[in-house]
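Could you build the full structure based on these sequences and the hints that come with them?
So the protein lines, in turn, are chains X and S.
Note that my numbering has the first sequence beginning at 1, numbered continuously upward.
Note that my numbering has the second sequence beginning at 1, numbered continuously upward.
Quick list of the computed label-pair ranges, beta carbon to beta carbon: (1) X:Glu336 / S:Lys385: 46 to 56 Å; (2) S:Ile233 / X:Lys161: 43 to 53 Å; (3) S:Asp130 / X:Glu128: 37 to 47 Å; (4) S:Lys322 / X:Asn369: 41 to 51 Å; (5) S:Ser6 / X:Lys57: 20 to 30 Å; (6) X:Gly116 / S:Arg29: 27 to 37 Å; (7) S:Gly31 / X:Gly41: 44 to 54 Å.
Simulated from the structure, these hints should not be mistaken for laboratory data.
All values derive from a computational prediction rather than experimental measurement.
Think of the CB as a built atom: it goes at the ideal place given N, C-alpha and C, for glycine as much as any other residue.
2 protein chains.
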Amino acid sequence: MLGNFSYVNPTKLYFGKDALSFLPGELARYGKHVALVYGGGSIKRNGIYDQVMNILKKAGKEVTEISGVMSNPTADKLKEGVQIARKANVDFILAVGGGSCCDYAKALSVSVHYDGDPWDKHFLKMEEPDCEIVPVGCVLTMVGTGSEMNAGSVITNHEQKLKIGHVFGEEVMPRFSILNPEFTMTVPQYQMISGIYDMFNHICEQYFSGDDDNSSDYLAEGLMRSVIHSSRIAVKDPKNYEARSNLMWDATWALNTLIGKGKTQDWMVHMLGQAAGAITNAAHGMTLAAVSLPYYRHILPYGLPKFRRFAVNVWNVQTEGKTDEEIAREGLSAMESWMKELGLVMNLTDLGATEEMIPDIVKATIILNGGYKTLTTEEVEEILKESL
Amino acid sequence: MLGNFSYVNPTKLYFGKDALSFLPGELARYGKHVALVYGGGSIKRNGIYDQVMNILKKAGKEVTEISGVMSNPTADKLKEGVQIARKANVDFILAVGGGSCCDYAKALSVSVHYDGDPWDKHFLKMEEPDCEIVPVGCVLTMVGTGSEMNAGSVITNHEQKLKIGHVFGEEVMPRFSILNPEFTMTVPQYQMISGIYDMFNHICEQYFSGDDDNSSDYLAEGLMRSVIHSSRIAVKDPKNYEARSNLMWDATWALNTLIGKGKTQDWMVHMLGQAAGAITNAAHGMTLAAVSLPYYRHILPYGLPKFRRFAVNVWNVQTEGKTDEEIAREGLSAMESWMKELGLVMNLTDLGATEEMIPDIVKATIILNGGYKTLTTEEVEEILKESL
Numbered sequence: 001m002l003g004n005f006s007y008v009n010p011t012k013l014y015f016g017k018d019a020l021s022f023l024p025g026e027l028a029r030y031g032k033h034v035a036l037v038y039g040g041g042s043i044k045r046n047g048i049y050d051q052v053m054n055i056l057k058k059a060g061k062e063v064t065e066i067s068g069v070m071s072n073p074t075a076d077k078l079k080e081g082v083q084i085a086r087k088a089n090v091d092f093i094l095a096v097g098g099g100s101c102c103d104y105a106k107a108l109s110v111s112v113h114y115d116g117d118p119w120d121k122h123f124l125k126m127e128e129p130d131c132e133i134v135p136v137g138c139v140l141t142m143v144g145t146g147s148e149m150n151a152g153s154v155i156t157n158h159e160q161k162l163k164i165g166h167v168f169g170e171e172v173m174p175r176f177s178i179l180n181p182e183f184t185m186t187v188p189q190y191q192m193i194s195g196i197y198d199m200f201n202h203i204c205e206q207y208f209s210g211d212d213d214n215s216s217d218y219l220a221e222g223l224m225r226s227v228i229h230s231s232r233i234a235v236k237d238p239k240n241y242e243a244r245s246n247l248m249w250d251a252t253w254a255l256n257t258l259i260g261k262g263k264t265q266d267w268m269v270h271m272l273g274q275a276a277g278a279i280t281n282a283a284h285g286m287t288l289a290a291v292s293l294p295y296y297r298h299i300l301p302y303g304l305p306k307f308r309r310f311a312v313n314v315w316n317v318q319t320e321g322k323t324d325e326e327i328a329r330e331g332l333s334a335m336e337s338w339m340k341e342l343g344l345v346m347n348l349t350d351l352g353a354t355e356e357m358i359p360d361i362v363k364a365t366i367i368l369n370g371g372y373k374t375l376t377t378e379e380v381e382e383i384l385k386e387s388l
Numbered sequence: 001m002l003g004n005f006s007y008v009n010p011t012k013l014y015f016g017k018d019a020l021s022f023l024p025g026e027l028a029r030y031g032k033h034v035a036l037v038y039g040g041g042s043i044k045r046n047g048i049y050d051q052v053m054n055i056l057k058k059a060g061k062e063v064t065e066i067s068g069v070m071s072n073p074t075a076d077k078l079k080e081g082v083q084i085a086r087k088a089n090v091d092f093i094l095a096v097g098g099g100s101c102c103d104y105a106k107a108l109s110v111s112v113h114y115d116g117d118p119w120d121k122h123f124l125k126m127e128e129p130d131c132e133i134v135p136v137g138c139v140l141t142m143v144g145t146g147s148e149m150n151a152g153s154v155i156t157n158h159e160q161k162l163k164i165g166h167v168f169g170e171e172v173m174p175r176f177s178i179l180n181p182e183f184t185m186t187v188p189q190y191q192m193i194s195g196i197y198d199m200f201n202h203i204c205e206q207y208f209s210g211d212d213d214n215s216s217d218y219l220a221e222g223l224m225r226s227v228i229h230s231s232r233i234a235v236k237d238p239k240n241y242e243a244r245s246n247l248m249w250d251a252t253w254a255l256n257t258l259i260g261k262g263k264t265q266d267w268m269v270h271m272l273g274q275a276a277g278a279i280t281n282a283a284h285g286m287t288l289a290a291v292s293l294p295y296y297r298h299i300l301p302y303g304l305p306k307f308r309r310f311a312v313n314v315w316n317v318q319t320e321g322k323t324d325e326e327i328a329r330e331g332l333s334a335m336e337s338w339m340k341e342l343g344l345v346m347n348l349t350d351l352g353a354t355e356e357m358i359p360d361i362v363k364a365t366i367i368l369n370g371g372y373k374t375l376t377t378e379e380v381e382e383i384l385k386e387s388l
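Laid out in structure tokens, this is it:
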């Protein structure tokens, strides 16, 4: 832990089959006017909407619905929500859904009392909020993003062909999140495995950076082993409560800042994936899966010791009689086999991308410098073409 | 994660060489009257006392000192502190020291405004506080207990020959803790390795329980591997900042509730060690080291799959051609070699215990039932005799 840092995460988590029973106690802390944020009709079909509405009504809340939050919430949808929430004078925002709803609720929380263009200020310019922030709570129904216990929010602007994530300060973290693994059981297999790869890649993004000797990397390895183990059970038996509950917990800890403390981080897979997502509108986790192996194979020579360690400590690759590079590449092959076993989409073509879109995706890719190699624009293009 | 649970940990951590520079900002949140809790003279010799006092003075605080907090803080010392703190009408308690000072500060925080006997209420009867709680902050100078980010407090009553730990609610957790690894560099080697085994055993206590398939056990394995790795560096090169900083972070996460979430826990090594400590007044981590192997070897047959997993995932024991029990016992042998490498005290005799004390230690041992085998009194006696 060579760097100076601070750590605080005030989000209270209620976990398990009875988690929703703690919602009334939490709601009692906040005012009467609640904005209920959700996506399409899935929470109406599976009964979660009714359960939550009953609790809100019993708590005497006046509920304003902001529904139709899409899987990549847009700047336009954010502006629409701001108008609704402002008119209703909301005291509290309750997100019921997956990471998109949580992200959207946080973007809304810093924008309700801001008079200008919230996309422009909080995403394009990445400025910190300087207005009153409306408190947020989450009822999670889809697993992967970790948005339920962090201050991050990703918003897409289709007009500008940009998908930008901003990690705000601790005051934007949800006050509480309700994590009932049973609520995630009706999510389609495609979304489940997309979420599994999303959480796994969150760990990779924090792990594949730096050459220091850091406790955080050991925690990351433990968490990766847990994800691999439980995902193999969940993909064959999606109703397995134990596996699904482990994955829910893993996702939260994969991106609540813990495993990135005291170290540098990469996040280039997310930059590539988000750029592809901004153009194709494909599922977030799948865009990450599609670009991961071309990217990691490309940077492997620059971070060989870490890729070797990954192979041994995460994938149990045997080392005898092999060069470091052989060991490291065998680790990525093991990861590839696991990804195929899950049924992930392994290329951008299957996500609707074409060779013609590459220039736009390259343009939308923000190049970071925390990984083992700062990519040139040519390298970005090359990796994206290999991902087709 | 089969159980229902909640998780919240509001303690803010400032980590690194510059961590103390955040103390003024934190102090500004609290009232004028500060109780400064510390132990013997070590913080005066190494200059930390002067640094902290300067900050307190610049912040305009009126400081009341409660010094001489011993390594196993006593019920008598607690009562003494309550009188001093009450007279000074303290608004805030700042602990500067190791786990004993943090534990003591928390015991004090729930007792200043309680009129009865605090030992009796909060430890012997394990009742929750129902009075105002004075907020606590910590400047950590010794590593191991994890007290800097949890709500636990252990107090010893020599008259009653009892050492009792109480885990209070989240409102008793320190509001902030300042973790500067350099502050731990002047701790004698004996205390350093005692703290290393304390943190390692905290992980074991949470790990060696249950036969469910739990994410927490994967996190625990990652953390154990980190402790083993960094301790081997620190014991040979105590001034190695990187190793010492990793150990400081590991200790915090070993006992801030995370790795025990959603699972049962054991804690019998602590019960045996604390009983021995109540009679001998030996260093906490050393009492744990002395009783651990006799205890774990005794319960191994009852928790064979977990001990096997421990051997493979934590100690890299090769499995080919061996029975599960052989693999499991090889794991404990690897742990024993590591403990000897650190220079831990491996028996109670060297800590001042004698055969004549055994009945008293047995009597002081609280038998729990979260581990793989609920011990009989005879088994407690047997294990303690094997620990001599």
